[in-house]
Amino acid sequence: MSKLKRGLLSLLIVVIILGVFASILVPVLLHADELQELIPWNIGILAMMICFYLTFILAIISAIGFTFSSGYLDKNLDNYSVLPINKREFVIAKLALVYYNVISLVILISVPFIIIYLVFAKISLIGILAIIIYTFTMPLVVIYFVTIILGTLMYFVNKVKNKALAKNVLFSLFFIVAFGLYLAFVITMSSLGEDNSLAQVTFIVEIIQKVGVFFFYSDWASNLLIYEDIKNLLLMMVVFIGGSISILYFEKVYFKGSLGFNEGGIRSKSTLRKNSKLPHYSMTKWFFIKEAKDIFKTGTYFFNSVMGNILIVVIYLGMMGYYYFFQSDTASVSQEITTMINNYLDIEIIIIITIVIGTFFTLFNNGAATIFSREAKSLDFINSLPLKQSRAFFGKVVFHGLVEFLTLFIFMIIPMLVLKISVVYIIASILVMFLIILATILLPVCLDLRFPNLDWESETAVVKRSKSIWMTMIAHLILISLVLGGCAALYFVLDIDYKIISYLVVGYYVIMSIVMIIIYRKLIDAAFKKVRN
Amino acid sequence: MIELKNISKKYSGAANYAVAPTDLIIKPGKIIGFIGHNGAGKSTTLKMMTGVLTPTTGDVEINGYSIINEDRKAKSDLGYVPDNPDVFLKLTGLEYLNFMGTAYGVEREVLNNRIDELANKYLMSDKLNDLIDSYSHGMRQKIVVMGALVHEPKILILDEPLTGLDPQASRLLKDSMIDHVAKGHTVLFSTHVLEVAEKLCDEILIINRGKIIYQGTLSDLKAQYQESESLEDIFFAITNEND
Ligand SMILES: Nc1ncnc2c1ncn2[C@@H]1O[C@H](COP(=O)(O)OP(=O)(O)OP(=O)(O)O)[C@@H](O)[C@H]1O
Ligand SMILES: [Mg+2]
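Just so you know, the protein sequences line up as chains A and B, in that order. Here our numbering is used: the first residue of the first sequence is 4, the next is one more, and so on. Here our numbering is used: the first residue of the second sequence is 284, the next is one more, and so on.
Simulated from the structure, these hints should not be mistaken for laboratory data. If you're wondering where the values come from, they're calculated on a predicted model, not measured in any experiment. Even for Gly, the Cβ is constructed at its ideal location relative to N, Cα and C. Hints are not guaranteed to be accurate.
To be verified - Okay, the calculated beta carbon distance ranges per label pair:
id	chain 1	residue 1	chain 2	residue 2	range
1	A	Ile416	B	Asp409	33 to 39 angstroms
2	A	Tyr506	B	Ser419	58 to 64 angstroms
3	B	Ser295	A	Leu12	19 to 25 angstroms
4	A	Leu100	B	Met284	51 to 57 angstroms
5	B	Gly388	A	Leu12	42 to 48 angstroms
6	A	Asp458	B	Gly499	50 to 56 angstroms
7	A	Phe24	B	Ser419	50 to 56 angstroms
8	B	Val476	A	Val17	56 to 62 angstroms
To be verified - DSBU-like cross-link-like pairs, simulated, lysine-lysine; straight-line CA separation at most 35 angstroms:
id	chain 1	residue 1	chain 2	residue 2
9	B	Lys310	B	Lys482
10	B	Lys293	A	Lys525
11	A	Lys288	B	Lys404
12	A	Lys467	B	Lys310
13	A	Lys280	B	Lys356
14	B	Lys313	B	Lys466
15	B	Lys457	A	Lys280
16	B	Lys373	A	Lys525
17	A	Lys380	B	Lys505
18	B	Lys404	A	Lys296
19	B	Lys373	A	Lys533
20	A	Lys533	B	Lys404
21	B	Lys356	A	Lys380
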């Protein structure tokens, strides 16, 4: 790529990021007064709280992912282990990489919230200092926890016979446990109400608080950073030292003995089963199966493409379950809500809700963004087979569509069933889901076909550093702002009836589906042709 | 029959031809050994024959079908064993063989029988339900060969198939190449092991720096180079001559 092109691209990214920031900032800043009337707290402080929550979740997710992918799942570790290198330096370099990745995300997310904070809250020097320290140390704390827990667990996993399975199970469980803890914390906090001091908080929360992740929560809501800040700063120092110690601990447990903890490989052995005949599948179905197995049997791929979907469903079901079973007053409320909702509901509202949620969920389908690149090593071989590539590859696309659909389905349909909404509406919602998924699943696929990354060595490289990955992210953000912003503009600015808007958006998605299919068929042939040259 | 018509390959950005324009006809019913130094252009030539690479100039006809314009018909007659057997690692051996059978449109009954047959022959029966990822290099080589044989291709093309095989597996593979040719099919394989080429092949093909410098039987070649005895000596003599 030429320098000019690169420069323009970076400029474009900056503009898009600013645009996303603006979409949060502008409405808040414009409607500050109205918002302030609605909310009992200072908006700035509220923004900071949201920011802390958001970045914390993000830090956990990305820390686990990055630690796994640059550590245990790094195929090159066995190669490094034969080199006469200082292991500690190596480990620190790896962790620094994790830190760098996490902090970039955290900073990116924090910016608009910090601006809101600076505009609305009384700005104190110590406040700003605390934000800076928080931003830079919080990921350390998270990495610290993640490495300790992960390292300890991996120590045992390495003793298990079926390592691959154990690793995958651990991988999934880890998230659920982490989020369970987080959920427990949030629920405990909210059940305590406003007046309670942190001293009353349960044991787990206290531990987390001590390490300094959440101590901002109550302080910032009640009194803005006075003496508490000094305590917090001290705690941060402790955290900082803790982070450093964790590196040593990490080395000891994580890299026990040698770097070659992959000894014997990730290879899994199945039990001696008699060969059985397989049913006859079409080529499209075979590619579907191949994609499913590639993703479920490769930790890095699994994490990067379906973990997000699984997580969101687990958290969602967890919260639903909690409110449904443990909040005694919910039952009666839901009765009222049910009758109310069923009175007001019409098919257009269902369509709009499905479109809003479905469009947001496109953010999860980045697995499809490497659908072609991930095949780099077998493209030559696939080229030697007498296949129609566009059709065969569609099997792979269908896999991601299905994952997307199931996520969306659970998200939408369960509340609809709970609220006893009519079957007609449910069917309408499902149809709209199909439409959205058809239209949007091909977008990342096409980006990957147009800008493939075929020159990778590790699986992490292909799912993290492919051009198509960030392009997809940007494309999705544009899509979301286009569709949602468009709806909002039509409704609020042009005063168009929501019923008309719902059909307009459906029309938009129909056109998008057709266009995407045409582009897909063109690009896949071109992409395979390029490989043959 | 394989017919190369003025075929050549220049990789994008490269100054020289990896394979210089070549005309060649390979008649059915023979085992042909393809020999040449590292980087001589063997893999490139084989990849153009199988449709993996598009030639810079020229065309390849497989039993009368152009690999460029009628690629699916041409490819149906081919079985290809690539130089790197690490494909489709997350499928089990059984799944892979079924995948290949479907790709080449083999009938279900026939396919199941073939898979059993091949698995017994290559001593892979108890490994078929394991992931290919868990196979050793030689086992991966075997499963790829089995995949290429599952549709009884009229033309079998193998790129250095013997690397990494133990003596037993290597014998098995050589035997099945002989069997395959006995059925009237063609086998074309590249190799660095000159003894194998000498013992096994009806014809040999020598490539040097992208140019085919010899095609014919070994005895004809030996007649030309009376003073040399083994293929190895002749190989060095002939490649030096052409440098
Ligand atoms: N993808 C590629 N891009 C650029 N040049 C290539 C590529 N593949 C091969 N070459 C070049 O083409 C020439 C022929 O390579 P080829 O792989 O066909 O050799 P080979 O005879 O199979 O060698 P070996 O015995 O080592 O397998 C070499 O000079 C090589 O550097
Ligand atoms: Mg080669």
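Hints that the structure is at odds with (numbers, increasing): 1, 6, 12, 17, 20
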